[in-house]
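Those sequence lines, one after another, are chains G and X. Each residue of the first sequence is one higher than the last, beginning at 1 in our numbering. Each residue of the second sequence is one higher than the last, beginning at 1001 in our numbering.
Treat the hints loosely; a few may be bogus.
[Claimed, not checked] Using 25 Å as the maximum straight-line C-alpha spacing, the simulated DSS-like pairs for lysine-lysine come out as follows:
| no. | chain 1 | residue 1 | chain 2 | residue 2 |
| --- | --- | --- | --- | --- |
| 1 | X | 1081 | X | 1068 |
| 2 | X | 1068 | X | 1094 |
| 3 | G | 11 | G | 78 |
| 4 | G | 62 | X | 1076 |
| 5 | X | 1081 | X | 1109 |
| 6 | X | 1094 | G | 78 |
[Said to hold, decoys possible] Not everything, but these chain X residues come out facing chain G in the computed CB check (under 10 Å):
| no. | residue |
| --- | --- |
| 7 | 1048 |
| 8 | 1050 |
| 9 | 1052 |
| 10 | 1063 |
| 11 | 1087 |
| 12 | 1091 |
| 13 | 1101 |
| 14 | 1105 |
[Stated by the list, open to error] A few chain X residues that don't get close to chain G, going by computed Cβ distances all over 12 Å:
| no. | residue |
| --- | --- |
| 15 | 1015 |
| 16 | 1042 |
| 17 | 1068 |
| 18 | 1074 |
| 19 | 1085 |
| 20 | 1109 |
For the record, the hints were derived by calculation from the structure and aren't laboratory data. Here the structure is a predicted model, which is why all the values come from computation and not from measurement. Using N, Cα and C, we set each Cβ at its ideal position, and we do this for glycine too.
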Amino acid sequence: DARVTQTPRHKVTEMGQEVTMRCQPILGHNTVFWYRQTMMQGLELLAYFRNRAPLDDSGMPKDRFSAEMPDATLATLKIQPSEPRDSAVYFCASGSPGTDTQYFGPGTRLTVL
Amino acid sequence: GQNIDQPTEMTATEGAIVQINCTYQTSGFNGLFWYQQHAGEAPTFLSYNVLDGLEEKGRFSSFLSRSKGYSYLLLKELQMKDSASYLCAVITWKGGGNKLTFGTGTQLKVEL
């Protein structure tokens, strides 16, 4: 059964290190979304793509975060340098053409020490 | 910007009915979703409303009133496994596409 996959599932790193999170959207889906979830802020949209083109990344701290889609089967979210306040669960979601329903991956739980 | 309000917590009894409300204030409204999220897991799609009225799907129903900026999720015949966070999310048009803005979620606890 088709699912969004994310790697790694868990990541512990030290402040200042680069973190790369990967997402494989469901085959045939043309929209990809990156969210961050914390207890305090809930689920926040960081960036989203349609047909691999970035449509909105206004929710993302530009100085340290970057999101790309090198091809239709891979989306990446990078943090460089990472800070303790970046500790959160990062979800990727994808959607099929013509619908707004988003299907979420299992998330990457990031801890920055 | 968008403002979405839902109760933080609710408690209900197994077998009962519970209604989780969501109010929103937004521009460019294009529809509303409800998602369920169990602790430590990803949100999963429950329902989608774009027109006024009630959408029923098994034990779950969702209602929307666009003029009132109001939606509710109705859960019938509650089961213990329904204990989860329920997220209301509104769709707005932004940046050349539709984006979802999520409420902070309602933590539902189902008790015996």
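- residue 62 (chain G) and residue 1076 (chain X): Cα distance at most 25 Å? Status violated; Cα separation ~44 Å.
- Item | Check on residue 1074 (chain X) being off the interface with chain G, judged by Cβ distance over 12 Å | 20 Å, holds
- Is the straight-line distance between the alpha-carbon of residue 1081 (chain X) and that of residue 1109 (chain X) 25 Å or less? Since the Cα atoms of residue 1081 (chain X) and residue 1109 (chain X) sit roughly 9 Å apart, the hinted pair holds (cutoff 25 Å).
- Checking the smallest CB distance to chain G, is residue 1068 (chain X) really beyond 12 Å? Check passes; 21 Å lies beyond 12 Å.
- Task: Quickly compare the C-alpha distance for residue 1068 (chain X) and residue 1094 (chain X) to 25 Å and report which way the hint goes.
- Result: 22 Å, holds
- Would the stated hint for residue 1087 (chain X) survive a check requiring a Cβ distance to chain G of less than 10 Å? 7 Å, holds
- Just checking, residue 1042 (chain X) versus chain G, shortest CB gap more than 12 Å? It is violated; residue 1042 (chain X) is separated from chain G by about 4 Å at its closest Cβ, not greater than 12 Å.
- Item | 25 Å Cα cutoff - pair residue 1081 (chain X), residue 1068 (chain X) | 31 Å, violated
- Item | Given as non-interface: residue 1015 (chain X), partner chain G, CB spacing beyond 12 Å | Answer for residue 1015 (chain X): holds, closest chain G Cβ roughly 29 Å.
- Going by Cβ atoms, does residue 1085 (chain X) stay more than 12 Å from chain G at every point? 9 Å, violated
- At a threshold of 10 Å, is the proposed contact between residue 1052 (chain X) and chain G supported by beta-carbon distances? Because about 17 Å separates residue 1052 (chain X) from the closest Cβ in chain G, which is outside the 10 Å limit, the hint is violated.
- residue 11 (chain G) paired with residue 78 (chain G) [C-alpha distance capped at 25 Å]: 13 Å, holds
In summary, the structure is inconsistent with hints 1, 4, 9, 10, 16 and 19 from the numbered list given earlier, while agreeing with the others.
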